[in-house]
Amino acid sequence: MNISEFGVWLIILIPLGSFILNGLVIRPFLPRYERLSGWLTILALAIAFGLSLMAYTTVNDAHGPVDFGTHEWLSVSGLTLSIGILLDPLTAIMLIVVSGVSLMVQIYSQGYMKGDPSYIRYYAFMSLFTASMLGLVTARNIIQLFVFWELVGVSSYLLIGFWFTKPSAAAAAKKAFIVTRFGDFGFLIALLALFAEGNELLDIPTMYEQVGTIGATAAGLIALGIFAGAVGKSAQFPLHTWLPDAMEGPTPVSALIHSATMVTAGVFLVARMFPLFEAGEYTMEVVALVGAFTAVFAASMGLVAHDIKRVLAYSTVSQLGYMMLILGLGGYVAAIFHLFTHAFFKALLFLGSGSVNHATGTFDMRYMGGLRVVMPWTFTLMVIGSLSLAGIFPLAGFWSKDEILAHAAEVDSNIGWIALAAGVIAAFMTAFYMFRVIWMTFGGEYRGGSEAEAAAIVADGGEAPEVHGHPHLGESPWVMLAPMVILAVLAVGAGFLANPPVDIGVSDKHEFGHFATGNEIVFIDELADEDKVHEAIEHAGAAPEFNWNVAVASSAVALIGIYLAYLMYGSKKVSPESMANRARPVYTLLYRKYFMDELYEDWIVKRFFYGGVVRAADWFDRNVIDAVNVKLGLWTGQVGKGLGQVQNGQTQVAGLAISVGVVASIAAFLVWGS
Amino acid sequence: MFEGWLSIIVFLPAAAALFIALFLRNDSQIRWFAIGATVLNLVLIVITYADFDRGAGGVQMVDRYQDWIPVDGLRAQYLLGMDGLSAPLVLLTGLLTAVAAFASWRITLRVREYFIWLLVLETSVLGVFLALDFLLFFIFWEIELIPMFMLISVWGSGRNRYSAMKFVIFTLGGSAFMLIGILSLFLSSGVDTFAMVSIPAEGIDGIPDLIAGKDLLIPAGVIWFLLFAAFAIKMPLWPVHSWLPDAHTDAPTAVSIMLAGVLLKMGGYGLIRISVGMFQETKGFQVQDVAWLLATLAVVSIVYGAIVTLRQTDLKRLVAFSSVSHMGFVVLGVSSIVGVGGTVTQGGMNGAALQMVTHGTITGLLFLTVGLVYDRAHTRYIPDLGGLALRWPLITASMVIAGLASLGLPGLSGFVAEISVFLGTYEVWPWLTAIGAFGVVLAAGYVLWMMQRTFFGPRNERFQDIEDANFVDMIPVAALVISIVAIGVFPKLVTEVFKVGISELVRI
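Which chain is which? The protein sequence lines are A and B, in order.
Residues in the first sequence are numbered from 1 upward in steps of one, following the working numbering.
Residues in the second sequence are numbered from 1001 upward in steps of one, following the working numbering.
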């Protein structure tokens, strides 16, 4: 059954309706029936997921984009903004990922958020968050996309700061919003510049057709502005600092932020604007280099973090760097494919860390250990997720990572080699830190959980953290495990089954690649010459040859990483402490996150901007502007003398003086006028 | 609508004030009566707004008494009329006055006088927006000072008398320039009318048409600057903004709502109607010549205002400085009047007009919420607050919505206005617009930081026994939130009217 335009709007409007019902009906009028809000949200997302599947089949039947036309939203002379639905393969894939993963997360939250005093608010914001992301991926006009882009940002702000009584949560929420806003500033300027190039270019399908009319330099600058937005949202260097702090939100929120919504928006945006990036000068190179650098840079910080969610956060940044680097090399399909598989295993890993937290009351791996015995399901599922992320054959992560590396190997340029090297190094680090997590969390003996953590903090002279669950070791309830099982199945199968290198029964050879490149105009200016279209789509990586060298090499690197993690944290033949001591400066650099937080927050924001610029401006306003203003005011104002009287308290007199003044001016007017 | 309709709208509040003065003695009665009068006037205004014919355009519902001041060669008329530019501002005034009346619910000091002045204030502001005779416009403009002065100096707090007087002196200073400007314009052009626009149906030729291409005794540039000075002070524009923070800080809540929500828009309205509307075809000087100056002052106001806002520790002062920044967007939009290559796109002008309405509702909501906090906590000093969210969820929700609207969140009205201004102005002033757009980042900084310090963090034990906002408190909040969301989602509600007025006003 094919979906109508209204059906696609419903994908956004139904979760949005759930937000409104939760906020305006259940919260004020039915607070005692809070379970309703969870069921309502899950029902809304289930419908949205069903409609997303319909959208997928519609695109699949059409073998390309479906044109629904536009609607005028704002129209004044010289400024007309339209909105509409852009339903193409990229949208269809994103819809399924977003609504599907979100649905799993909402079901999981039934267990994880049970008993939270703000249960209704949680589901209200989660509905808004998902609705915004669904709106983002279906937007046809770039301004419309920007609207949902900002709404995604604000929902994440509300969710990261969900436990706002914790000062660190309130600060992390603010940080996330402001840091990403720096990127959004670039995005905004790019929109303005694109509009100045041609008003109709804001309509994305029109932009695809007319991208050739924009000069290479202009297109490059516009694309870089858009990329700045993507860097902020996808937490790429140098705007990555907000993401690790965003852990302050409830864990299911992190799972959603890191897998399907929020951070993937940046990669999606670059893919959505792909022709503009290809048309621009040097833009693809910048994207590739930023991605390559971030992939290694973020992974290196993950090597030493003690907080399980932080390790996963750095892993997300690093994997998004993977997607960016391959987009910059033209590997459209590989990037989207990795986004697709990553969503499943990363959501699984985060939900797993939440399950661990449910039992131990802490996220600090130093106080975990031995959990494989008490929570065998969580253990197994986490291992599956880690293997998939590490790219071990034949799990989903292997296929998508391999496609990225194989594509990078084919690009015979300096940047291609840099990207390939970065990809391999990051692959090694990823395998190492994920299995460091596995052994520290599930291996060895239990080390006391949140109580041990609190004791250690107090022993260190600090204050014991306020919000802390007490450890009650045991497996999480089924309502939490079931969504994880589904995600684990996808983390295993979503790679080979979706995009196999040979024909298999359930799907054709390169099925995903052929589907993802269905909107041909994205890859070539004109659709006139069929051979050239075919070539362009091949170039985007629709059907890459399986590269044995890369596959073997990357697998070997990953296995070495796992083995090293085993030596250090499993069998303990190599002592991590002595390694850290031997390379103390490097360790400190990594552990302190390259001092980027200090650079941004202490030096640039606090000292330079707030302590310097803002203070100077405030001084200037009070002592120069106001002083001069008052002098001028006394000089021009005819009632200057009134000030003295007023300070004596005779306000009535002054009021009268004004009235008299007004009448006098009018009288004067009449005299002069005649 | 029948003739006299607009006069009813303008003078209904004044009549209600007179009724209160003559017949009502009981405080509670006076409150209900005043609220009822403002709500009734809002209803009439909504009917008028709906009745405004967008297709026909032009000045509608003209209300005219030709021989108002029958002096030879003067022809000052009593002339009221509504066009696409004034209609939304009249609607804004009606809405915000009703909101301000509700927000005055807790006033106990000299209740009768308080509401009388509030109602007189509404009449004078409606008069400014609807008067189409320059002299009548000036009189309404001046009358507004009296109730404002009284409201701040009697019902204000802190250095209320100083601030009230500062407000009056600044505005009177501006008015002096305006009066000289009007006089010079009238005398040096030799026209015999004060009509601010042409109304063909009434046979009225307005000043813009009469002085187009004509030699003026006093250079048009001088006259323009005299008039502009008055509007710049009123808006206020950097560097003549320093009366605003003081007036706001010491004014009672409802008066801050009126001041930021409506009175500042008199400056923006004057800028568009007079500084732009009358000086596009004057000889020797046109407003296009100084568009660069408008753009520069606008950008300085936006960035400077935002930077100084970051430093504020008093909630009201903070919102007041943010107004300096946000009114800068109005001027930035207006600066697009110079156009590119001889064509003027009206996106920037429309954005400027829309920004006046959105800033009115958003800042109104901000002040309303600050007032709700102040009523309970008896302090507006941010370091003394913090952790209010758990105890006062309704007030917090109100502030979160107002704050997000203020930082330009899409889906709320501020975004539509800002994006229109940016899109319309970027082609004309790319660099200045880009710098101005950075104000959006700074806005996120001061809004979110303020919310973090005021509402989030550990539960504040000091205010544990004080209740959240009640039903009556939430009525005006709901009214403003609905209007903010409505314009944010369906901007055509307002832009379809504004664009009629702007397209008639842009003559090149």
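Keep in mind that the hints were calculated from the coordinates and are not lab data.
Fair warning: there could be bad hints in the mix.
Claimed, not checked - Cβ-Cβ distance ranges computed for the label pairs, FRET-style:
| hint | chain 1 | residue 1 | chain 2 | residue 2 | range |
| --- | --- | --- | --- | --- | --- |
| 1 | A | 200 | B | 1459 | 26 to 34 Å |
| 2 | B | 1043 | A | 1 | 46 to 54 Å |
| 3 | A | 57 | B | 1043 | 48 to 56 Å |
Every residue gets a Cβ at the ideal spot worked out from N, C-alpha and C, and that includes glycine.
Hints and how they fare:
no.: 1; hint: 200(A) - 1459(B): 26 to 34 Å; result: violated, 53 Å
no.: 2; hint: 1043(B) - 1(A): 46 to 54 Å; result: holds, 48 Å
no.: 3; hint: 57(A) - 1043(B): 48 to 56 Å; result: holds, 51 Å
The structure does not agree with numbered hint 1 stated previously, though it agrees with all others.
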